[in-house]
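S.K.: Letter by letter, the chains look like this.
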Amino acid sequence: MVITQSPKEIDSIGFGLMNPEEYREMSATKIITADTYDDDGFPIDMGLMDPRLGVIDPGLECKTCGKHSGQCNGHFGHIELAAPVIHVGFTKLIRRLLRGTCRECSRLMLTEEERDEFREMLKTVRSLDQDVNDVTKAAIRQARKKDFCPFCGEKQYEISHEKPTTYYEIQNVLANDYPQLIAAAMQDEDDPTSPQELAEKTGIELARINEILGGTFRPAREARRSIERALDVDLTVEDMNKLMPSDIRDWFEDIPDEDIEVLGINAQNSRPEWMVLTVLPVPPVTARPSITLDNGQRSEDDLTHKLVDIIRINQRFMENREAGAPQLIIEDLWELLQYHVTTFMDNEISGTPPARHRSGRPLKTLSQRLKGKEGRFRGSLSGKRVNFSARTVISPDPTLSLNEVGVPDRVATEMTQTMHVNERNLDKAQRYVANGPERHPGANYVRRPDGRRLKVTEKNCEELSGKVEPGWEVNRHLIDGDIVLFNRQPSLHRMSIMAHEVVVMPYKTFRLNTVVCPPYNADFDGDEMNMHALQNEEARAEARVLMRVQEQILSPRFGRNIIGSIQDHISGSYLLTHPDPETGDPPRFNETQASDLLRGTSIDELPEPDGVEESEAYWTGRTIFSQLLPDDLSMEFISESGDTVVINDGQLIEGTIDSEATGEFGGEIVDKITKQYGTTRSRVFINEVSSLAIRSIMHFGFSIGIDDETVPPEAKERIAEAIENAYDQVERLIETYEQGDLESLPGRTVDETLEMKIMQALGRARDNAGDIAEDHLDESNPAVIMAESGARGSLLNLTQMAGCVGQQSVRGERINRGYEGRTLSHFKADDLGAGARGFVENSYTSGLTPKEFFFHAMGGREGLVDTAVRTSKSGYLQRRLINALSELETQYDGTVRDSRDNIVQFEFGEDGTSPMMVGSKEDFDVDVEHIADRIIEAEFDSDEEKRRFLGEVPQETNLSEHTERLRAAGVISDD
Amino acid sequence: MVNVHAHTLVPEHRVMNEDEIEEFLEEYDIDRTDLPKIVAGDAAIPDEASVGDVIEIKRDSRTTTTAYVYRLVIEG
Ligand SMILES: [Mg+2]
Ligand SMILES: [Zn+2]
Ligand SMILES: [Zn+2]
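Line by line, the protein sequences give chains A and B.
Residue 1464 in this note's numbering sits at position 74 of the first sequence, with consecutive numbering throughout.
Residue 127 in this note's numbering sits at position 49 of the second sequence, with consecutive numbering throughout.
Among the clues, some could well be false.
Unchecked claim - Derived SDA-like pairs: lysine to any residue, alpha-carbon spacing no greater than 25 Å straight-line:
#1 A:K1482 <-> A:D1644
#2 B:K136 <-> A:V2294
#3 A:K2241 <-> A:I2043
#4 B:K115 <-> A:D1521
These aren't lab readings, by the way, just hints derived from the structure by calculation.
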């Protein structure tokens, strides 16, 4: 499609009410008939499908602007409403104006002083960017207090609003039994009044008085009031006087412009009477296209259906009025017209039955098109379906770099990148086209300089490739090294979308290095991920510089690395560097083994051996690990397994490399390398550590089975004893409680105290069982290794597998629900013992009894429900937070401002530092001088050059992993 | 009554003089109304502050030792 209209710059957007005259002016035609098409299938003139409202059928010309479908946006028509109706969108404002203005002279019932006050308030509220609504509300509240109009003196009545669109004035009218009321008052025992006296007192003729008493004459307001005064009675009852839309329109027409200005309404573009519709705009057919079904029948849009209803009622209303139908019928039709116009605009108003389709489905009218997740705003504007995207299952590939993503060939041949052909890439471009759309590095489309787009087919590809010349565009397949965006939902933080370099691979899944699982929160149990191919140079450059995985190694959430070794990588490096408990030395490897361990890394030469054993040179695991470290790295920290790790000039002298050293979520070495040596060095390090660790775990072998969690019989006995002891304690506690001797803890009832003490005793029992089990599991036990190195699992998991599962709980209490006074029918009522309240004394290895299993399922269910509830709650919270913060932007002067230039922070984060680059530990200092020295040293060959550039050393940008290889091959640019 | 100004958790609030305000508004190229707001009834602001004044709040910060924030006093 060729875009003919050039984009226009929007200077400002104004909101206001629309003048009915404007509706008529912009209308292409008046709509008078509810019919759409005639018998021959042609649209009827002045019908809802009038050809002047725009074109939807391709090939036809628009009767208004002459353009074809696609070019013509469509044109509005209009319906002249037989009677005015309320616009549902403004019912609240209408109510306010009815309450605040005079029913007689329509002036805002505020004195000049009051008006000045509110004008002043408006001014400050506007300059402070606060809600103008608050002032309007206050002004109306003030005006409503007046019972009489300060301008004409007219008495004002209460306005009641029956949702959605009916308004009443609550007036006092003459009661129906007024003769009886008057008579009763005249026969007052203490002070009777004769008709003669009443006539004198009120100044009404005696004959009239008699007529009134006889019920043949209804006294007018003046007469009624004088009788009331004379007899001290109330002859009125409250009555609801319905305000018809026409009454409201007349009322609003008389409100002077300057009066509504006080309410913050600009009369120039919003006259209040425009809230009562006399003309209804008819949306163009392009906004409500009809579709032709398979059987040739036309199916109309919901909006068209609604408009048909409106026109039908409109016509009936006019006919009835002309025929002089009774007021009751007219009023019914009026209400019906109001209903249809209301539901045309919003079909989800509480209290109003929604208009339905013949099938019973509620119609989707104007407001339903905009609202909610699938609506125009959230569904079509903020987010929408895009081209050049792919989605498939993910699977792991440890041979890939963390920056890469494996893309299936069938995806790569479908996604394309646009090549602008020039002299230098002509060869390549021709080769792609020659390969055609099916052979992998091929092309799907070409575009000639004249704008014609040609599809590359198996048949024409050979011929077409010869024609390609500079100036053409070629849509070539994705190839290795292309940059793409990769995403896994839910996209909760910015690391959920990162840029990867493509590696085209066979089969059907996206492949990724396992170290990027934590930022995506991905696993391989069927997770799917999305890929987006970038479509222009700016996007690709931006993605490479800002979004590549290696740029996201540090998390802005906690200022440390989020990418690092996981699971087997950690077990592997633990095995490689952890000292043997007997010898106290880390494992040793001969030359073959050492070279094999380092095979996946860039190290192609072994260092000096650490020694000779049985006439064979050996290298320790620590020496091998040290090969991956930067030469001048020195640091010291405590590892997860508890020993001190010492690194001196790139040599691991002492300590175990585990999750604390290289792990995700803050591994010391990864964190330090990223901050001091840059993201490229860090990427290399993480890649190499993971491949070394995988080779090392394969060298040692690592598996786990039931036997690894089984403890010897003597340990089982000791565990049983510990639990037996706890049971005795519980028994004793219950006994003391039942004898009433249990002393309550401060702030707790006796019952609560008992529960707490029992829970404590049983908790101790489980811990003891765990300790006993742990004593009997030796250090080489795989589960112990995983727990100790921080690779996976915890001591609690071990305790539960080998020792005792322990107390199950629901809502933080021992299980106490089920039957009256007991959890299951197997127990006596009010049994407070351990077993009756969900204590599981077995371990997962020994197996649970049926009762234990049931309690365990209860506790487990609560966990599942909690997660489900938490995710939905936090999702909504997140949405609101994002919407509130999305427009904040850090400016070049360091301030954070919103879109109206209001300052939110004077310095980003109040300290102007990036949370990513700041150390999270109190004593963490980035050794800036050291870094500077090192870079300068590496950059300059001669001291002369170094001095010349000192202080302004450009850091080399490494935009692709393949730069080195490409440079060696003599390629200067990598695109 | 508790004197909130003396509480350790209440940072120092100071009314700025007109010259300071002018200089500082110029520095950020903003109007007074673009500043964050603080209501006149806020217990933490000095007693002499009135609507329209600008308050300087001096806060402790872990990363920069002290952080300054400015707020316009509004009615309320
Ligand atoms: Mg999963
Ligand atoms: Zn047109
Ligand atoms: Zn009046």
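S.K.: Does each hint fit the structure? Answer for all of them.
M.R.: Here is how each hint holds up against the structure:
With a C-alpha separation of about 19 Å, the suggested pair K1482 (chain A) and D1644 (chain A) falls inside the 25 Å cut-off, and the hint holds. For a cut-off of 25 Å, the pair hint linking K136 (chain B) to V2294 (chain A) stands: about 16 Å separates their Cα positions. A hinted pair counts as satisfied when its Cα atoms are at most 25 Å apart, and K2241 (chain A) with I2043 (chain A) does not qualify at roughly 54 Å. Straight-line distance between C-alpha atoms of K115 (chain B) and D1521 (chain A) comes to about 14 Å, which keeps the hinted pair within the 25 Å bound.
Checked against the numbered hints above, the structure violates only hint 3.
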